[in-house]
Amino acid sequence: MSKALDTMLYLDGVSVSFDGFKAINNLSIIVQPAEMLAIIGPNGAGKTTMMDIITGKTRPDAGEVMFDGRTDLTKLDEAAIANLGIGRKFQKPTVFESHTVWDNLAMALRKPRGIFATLFYSASNEDEARITEILETVRLLHRKDEFAANLSHGQKQWLEIGMLLAQDPKLLLVDEPVAGMTDSETEETAKLLREISVTRSVVVVEHDMSFVRELGSRVVCLAEGSVLAEGSLDQVSKNPVVIERYLGR
Amino acid sequence: MLTHLRNLLVAVLLFLAPAAQAQQIDIAASVAAMAEASLKELATIVTDLAATGDPAVVPALTALGDGDLYADETTGRVLIQRGSTVTDPVTGEHVELGADADLSKIRVNNSLRRDIAAALAGMTLMSDNPATRLSAANGFLANPDPANIPLLDEAIAAETNADVLRAMQNARALTVLRDSESSIEDRQAAVPLVAGSGRNAITILSSSRTDAPEELVASINAAIAGLEQERAVWGALQNVWFGVSLGSVLLLAAIGLAITFGVMGVINMAHGEMVMLGAYTTFIVQLTIRNNFPGLLDYSLLIALPAAFLVTGTIGVGIERGIIRWLYGRPLETLLATWGISLILQQTVRSIFGPTNQMVIAPTWMAGSTEFFGLSITYGRFWIVIFALIVFFMLLLVLNRTPLGLQMRAVTQNRRMASSMGIRTPFVDAMTFGLGSGIAGLAGVALTQIDNISPNLGQNYIIDSFMVVVFGGVGNLWGTLVGALTLGVANKFLEPYAGAVLGKILILVLIILFIQRRPRGLFALKGRAVEQ
Amino acid sequence: MLTQALFRALDRKAIWVIGIFLAVAILVPMANLLIPPGQFGHVPTYLVSLLGKYLSYAILALALDLVWGYCGILSLGHGAFFALGGYAMGMYLMRQIGTRGVYGNPVLPDFMVFLNWKELPWYWQGFDNFWFAMAMVVLVPGILAFVFGFFAFRSRVTGVYLSIITQAMTFALLLAFFRNDMGFGGNNGLTDFKDILGTPVQAQAIRATLFAATAIALALSVLVCSMIVNSKLGKVMVAVRDAESRTRFLGYRVEYVKLFAFTVSAIMAGIAGALYVPQVGIINPGEFEPGNSIEVVIWAAVGGRGTLIGPIIGAIVVNLGKSWFTTVFPEFWLFALGALFVLVTLFLPKGIVGLWKQIFGRARAAHPDTTPKASADIERGEDPATFGDAQPRPAE
Amino acid sequence: MTFFSAKRALLTAAMAGTIVASAVPVMAQDDTIKVGILHSLSGTMAISETTLKDTMLFLIEQQNAKGGVLGKQLEPVVVDIASDWPLAAELARQLIEVDDVDVVFGCWTSVCRKSVLPVFEELNSLLFYPVQYEGEESQRNVFYTGASPNQQAIPAVDYLMSEDGGSVERWVLAGTDYVYPQTTNKILEQYLLDKGVAQEDIMINYTPFGHSDWQTIVSDIKAFGSEGKKTAVVSTINGDANVPFYRELGNQGIKAEDIPVVAFSVGEEELSGFDTTPLVGHLAAWNYFMSVDTPENEEFISAWQDYIGSTDRVTNDPMEAHYIGFNLWVKAVEAAQSTEADAVIDAIVGLETPNLTGGMATMLPNHHITKPVLIGEIQDDGQFFVVSETEELVPGDAWSDYLPESAMLEADWTAPINCGNYNTETKTCGAAAQ
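Protein sequences appear in the order of chains A, B, C and D. Numbers 1 to 249, taken from UniProt numbering, label the letters of the first sequence in order. Numbers 1 to 532, taken from UniProt numbering, label the letters of the second sequence in order. Numbers 1 to 396, taken from UniProt numbering, label the letters of the third sequence in order. Numbers 1 to 434, taken from UniProt numbering, label the letters of the fourth sequence in order.
Keep in mind the hints are simulated off the structure, nothing from the lab. Accuracy of the hints is not assured; some may be wrong.
[Said to hold, decoys possible] Within a straight-line C-alpha distance of at most 20 Å, the following computed SDA-like cross-link-like pairs (lysine to any residue) qualify:
#1 K57/A x I361/B
#2 K57/A x V138/C
#3 K222/D x L216/B
#4 K255/D x R517/B
[Claimed, not checked] Per the computed footprint, the stretches of chain C lying under chain D, defined by three or more beta-carbons under 8 Å from a beta-carbon of chain D, are:
#5 46-59
#6 120-128
#7 190-197
#8 203-210
#9 329-343
Glycine included, C-beta positions come from ideal geometry on N, C-alpha and C.
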């Protein structure tokens with residue numbers, strides 16, 4: 001418990017299995033405040049399941065999951081966890097397609113989430129300024145009144161990142177943010193994430209090695225539900241086991 | 001079978017006939033008088049005939065009781081007509097009907113039937129046919145009369161067949177037990193015999209208790225106490241059987257839905273109508289057989305099985321190709337469209353066959369019941385249970401062991417992948433839906449044996465079917481099996497306490513609560529796959 | 001706060017709809033009461049009640065659309081809330097009969113007298129008071145929906161499972177209300193009403209008033225729905241419909257959003273039922289039939305779900321058709337209704353409103369607001385109304 | 001997303017206009033007398049009611065061939081209730097107000113009658129109701145041509161108690177859980193208790209509509225009936241539930257000689273749906289059987305079968321009730337020389353028309369009629385063999401004498417009483433008796 005103190009995210013000995021298949025096996029990961037962590041690993045390594053556990057979608061069979069040094073995430077559900085300050089971007093960009101870009105952000109904006117609070121909510125100038133600011137950051141200002149469904153794949157990725165920003169979380173879980181982006185966009189994203197990680201913790205899952213390199217963060221390689229290697233990208237990519245199991249020769 | 005016995009009986013009696021020559025005049029006259037007799041007069045005639053004790057009256061009385069005795073309005077003659085054979089009730093000779101013969105049935109009512117049965121029991125106790133003797137002994141059991149004790153003693157002494165002997169001894173024991181003239185010792189000795197006589201022993205004993213002397217009451221009470229314990233056990237088992245048989249009906253109705261809904265994701269509200277069409281197919285098949293090949297009547301249900309499967313399967317394929325295939329991935333829309341189809345099918349059947357019930361006759365091998373230790377099992381229900389299990393395992397086999405089954409599973413798991421691997425997905429879709437519908441048709445064949453064949457037949461089962469599938473867990477055939485049997489047994493255990501209506505409500509409430517606990521049913525799939 | 005919400009609710013479309021029904025609420029009774037029979041423009045009393053019935057159905061359809069069209073909850077049990085509201089009203093009307101029942105019992109309704117009940121059951125107490133009864137009209141369906149929804153949504157019963165258990169709920173209530181021991185008149189239900197608020201229910205003025213009340217209730221329902229769907233909460237509801245778990249990861253309590261919509265919708269359905277009963281003169285367990293609830297779904301679908309006007313149009317059109325068919329071609333009504341179900345789902349997935357948009361919306365096709373390419377996407381892949389996670393799975 | 005435009009508003013208004021225009025009553029005075037036929041032609045009740053619609057069409061055609069009524073032809077107006085009872089009330093109103101019919105023949109279920117009753121009262125029109133029912137009702141505008149409990153249930157029980165009927169001592173009252181069986185069983189229970197039957201010798205059981213799994217109940221009946229005393233089942237099981245019930249009886253080997261079942265809702269039409277061989281000897285109590293041998297009946301059956309075009313079609317008791325009701329109405333109209341409801345109501349009481357089973361049906365002041373009560377045993381051809389018949393016609397009783405709440409009530413729609421619930425103790429109409 002004391003070890004968890006002063007960490008942003010603390011996973012210790014987490015295991016979960018589905019119908020006998022161990023998706024996560026004795027996984028331990030620590031993320032410090034204002035730290036970026038990149039997670040790589042082959043398909044089926046348990047990356048998404050790990051995120052599911054952190055965000056409350058899946059309950060672990062065993063192990064400790066602590067947030068901000070004191071909150072036990074295994075006891076909470078998705079909404080509570082999100083409200084604690086954990087934002088998540090999905091592998092497949094998931095935006096609300098029948099809402100406009102603006103509304104997508106308005107919904108994500110950090111505001112009271114209660115029934116009556118939302119029923120009687122009116123956007124203040126402050127809120128609108130914040131949304132406009134985010135729209136500029138993700139470069140979607142010119143499409144703010146369009147339905148999210150009409151965006152390209154890359155734009156949806158950006159919108160989702162924008163929603164993440166609007167949530168103003170302490171910890172961001174970002175699953176494959178650059179799939180479908182052009183090279184320059186990828187670069188832009190890396191830059192954005194680095195900026196964010198100055199004040200918040202960020203966990204990025206990505207296959208794109210050049211992107212991971214650009215993040216310049218600590219790297220963890222997962223395989224078969226547990227940590228295979230940990231360190232800088234160079235250290236990890238030189239690890240023979242990682243080469244064997246993931247990167248290939 | 002029964003007619004066979006009767007013919008045998010008649011033959012035996014004919015052989016004995018000369019011995020009774022002396023009284024034949026009387027008998028013939030009495031029998032002839034039946035032609036014009038009112039119910040009251042018939043009762044007198046029957047009593048008189050029975051009083052002769054002459055076996056020669058047996059054929060006439062048997063025929064009268066069975067409704068096979070006719071009066072020829074033209075000649076006034078009384079005749080026995082069975083099928084196309086017409087015989088004289090007294091001589092047993094074949095009779096050629098005149099061209100202008102006009103046979104009208106000599107009708108009897110329940111009390112006459114009872115009189116006849118009692119009269120025949122006395123006369124047939126010494127028959128050569130064990131089955132006849134058995135029914136005679138059972139007749140005595142139903143009407144215990146101390147006057148018959150000597151007759152029974154005589155018969156017991158001569159009896160060789162163990163079953164018949166037991167029945168006779170039971171009848172005698174009961175008669176003695178009820179006879180206030182017999183000694184207390186005799187009556188007490190009769191108690192254990194009566195107690196061992198079968199299902200109704202408790203009720204017979206308790207009714208014998210009313211005017212019995214004290215010491216007898218004590219031993220009767222002891223016997224009842226013992227029996228009641230036994231009955232509690234058998235009663236529970238009987239309930240299990242009722243539950244299983246109700247469950248197998250639910251299983252039959254639901255199993256096709258487990259395919260169309262569970263495997264394909266189509267919420268087929270017209271499923272009940274497929275069941276209904278299966279039942280109507282059975283009706284048509286039986287009608288055709290009755291009119292053209294009456295000899296096959298007993299097998300009409302078996303013949304109807306493939307017919308119903310083909311008819312409903314084809315209609316299912318038609319519905320899939322015509323409507324459902326435009327709606328894949330939109331399960332809700334399939335609910336609406338198939339609900340519409342169900343209304344159309346119902347009204348179509350109503351327009352063609354009319355709104356009234358149609359008749360499907362039970363084959364002889366499905367009629368009646370048997371005692372299995374302490375359980376009473378009706379053949380109809382028994383065969384439905386067997387049939388449901390056969391259908392279930394055949395379907396399991398088809399899904400898990402045939403190429404079609406493999407393709408079905410492939411298509412439903414990943415349509416695009418399956419298609420790119422060369423599986424003709426539209427064909428597989430149509431076949432899957434056809435299979436589900438065809439099985440519904442099979443269920444319809446079985447349901448002709450317990451329910452109405454009317455345009456509304458399907459509606460009575462659709463909600464129950466969905467409950468079973470959802471309760472068991474969508475996409476899991478074993479879940480459907482366990483779900484159906486659980487609901488059936490639970491229903492039957494609730495029924496005695498809560499009554500049929502409240503029992504059903506409780507089951508629904510329990511399902512609702514259960515879904516809260518396990519939102520995906522009894523046999524839910526786990527893991528990430530579920531959410532996607 | 002409220003004024004802002006109201007202001008938002010009263011957009012151009014809503015003003016139109018509300019305005020029309022308020023006008024209808026005034027004009028039809030006037031045409032009935034002021035223009036003498038036989039003259040042009042007179043609306044016979046019979047028709048006033050008939051139209052009143054349609055409008056109460058329209059409220060029911062709108063209520064269903066709020067949960068289905070906007071929140072993605074396909075309730076196959078909304079008829080139950082409608083019927084419960086109706087029963088609450090019916091109980092009030094039964095108590096109003098007083099000594100005019102055939103047995104002249106001042107307290108017990110006739111059916112209780114001849115089933116030999118000696119005193120009024122506790123749950124009938126208070127229904128002689130109009131306001132108590134009106135409170136029950138709102139509370140009974142509301143509380144049932146709240147409790148049912150609380151457990152169901154908390155357990156994350158979704159999609160087809162939810163639809164099936166709502167159907168089970170209405171079916172269980174059907175069986176329960178059929179029971180004479182329940183004390184609601186069994187199969188016969190409640191009927192032979194005499195007075196409402198001291199005035200005979202058959203009186204022309206009362207019928208006109210009931211009609212006006214129904215039309216106003218419909219206008220208010222539209223207002224309430226418009227307020228909800230135009231608020232941020234309404235956007236969250238649509239978000240729940242389209243991507244439930246994503247909404248959850250944004251920190252919204254999906255179960256409460258659903259519970260709110262479900263409860264509000266049930267209350268609206270209850271009010272519709274209460275308005276329906278005095279106009280048709282009977283409430284019986286038949287209203288709980290699962291088939292009735294499914295028919296409500298088709299009203300919404302025919303008109304166009306996910307819109308405010310669609311379900312209203314759908315309810316009126318389908319019921320007009322029903323009235324017409326059952327008189328003119330009685331044998332063909334089920335064919336027509338069945339065909340409607342099939343054709344609408346196949347060819348008019350967006351209902352009459354969608355068709356209207358297709359035909360008349362072309363001119364404005366360039367405007368991004370009204371031509372959501374989204375709809376095409378949604379149609380193909382993630383239909384808002386489909387059971388997102390009830391995807392087909394293999395048999396084991 | 002909603003959007004709205006002036007065009008749509010216009011459409012809505014136009015639609016509303018059409019409704020108004022189309023529903024204004026047609027005021028044309030044509031030369032026919034309109035007869036409303038209000039039965040379910042679809043839904044659960046279609047099975048029973050469709051035949052009644054055909055019967056009415058048949059009777060009207062026959063009457064028209066005879067020259068109609070008052071020199072005018074009769075014109076049937078058929079509507080479909082679709083087994084939807086609020087719709088029944090709506091359609092009744094429509095028949096009277098819009099189609100301007102002079103009389104309505106219709107309904108089968110009690111709930112249908114209850115739902116349309118206020119409409120007939122309000123609009124002062126006439127309803128002829130042809131089905132046996134639970135009694136406890138008499139309304140000025142309604143004529144009950146089916147049996148009330150004293151014309152069906154009580155004679156049936158009397159028969160079973162008699163020596164001919166088997167001197168029954170134990171009773172199972174099995175019914176579907178709705179008002180008719182509940183009331184009938186209540187009346188019968190009181191009647192049996194009055195006759196000295198012990199409470200433990202009466203078993204009452206209710207099942208839901210369309211109940212199809214009778215295993216438990218039939219085995220309970222079997223157990224109840226094997227306790228030495230002669231037992232009978234009085235069945236008020238309704239509609240579709242009968243087929244599975246009788247099947248289970250047959251399969252569990254309950255024979256009519258052992259435990260006879262007397263039914264009040266099973267007639268020729270219902271029996272045409274199954275093989276009656278295992279049911280021979282079970283009973284039904286009605287006021288009409290197709291097998292009754294009278295010239296009127298023979299003529300009726302052959303004309304009906306000609307009309308419907310099938311010699312397989314059976315006739316049944318509610319059809320006869322419509323036949324009687326129709327003839328009484330025709331006579332009343334001719335006596336009153338008017339189709340006005342008030343005139344017909346005044347003229348019809350006391351009029352007579354032949355029953356198809358012999359004797360005359362008389363319209364009583366309580367708007368019920370006199371009927372013979374027949375007990376028939378089911379035969380293997382689906383017909384009934386009459387084993388007992390009341391010696392005299394039984395007048396229909398609106399209020400049962402066996403219920404404490406209604407024993408003192410009488411219905412009399414003639415002057416000076418002119419009410420449906422006259423209390424013979426307080427000498428007032430419907431005044432609080434409690």
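Hint check:
1. K57/A x I361/B: 57 Å, violated
2. K57/A x V138/C: 36 Å, violated
3. K222/D x L216/B: 27 Å, violated
4. K255/D x R517/B: Not OK: K255/D and R517/B at ~47 Å, beyond 20 Å, violated.
5. 46-59: With 6 residues close enough to chain D, the hint holds.
6. 120-128: violated (count 0)
7. 190-197: holds (count 3)
8. 203-210: Since three or more residues must qualify, the claim that chain D covers the segment 203-210 of chain C is violated, with 0 doing so at under 8 Å.
9. 329-343: Holds, because 4 residues of the segment 329-343 of chain C bring their Cβ atoms closer than 8 Å to Cβ atoms of chain D.
Hint check: violations occur at hints 1, 2, 3, 4, 6, 8; the rest are consistent with the structure.
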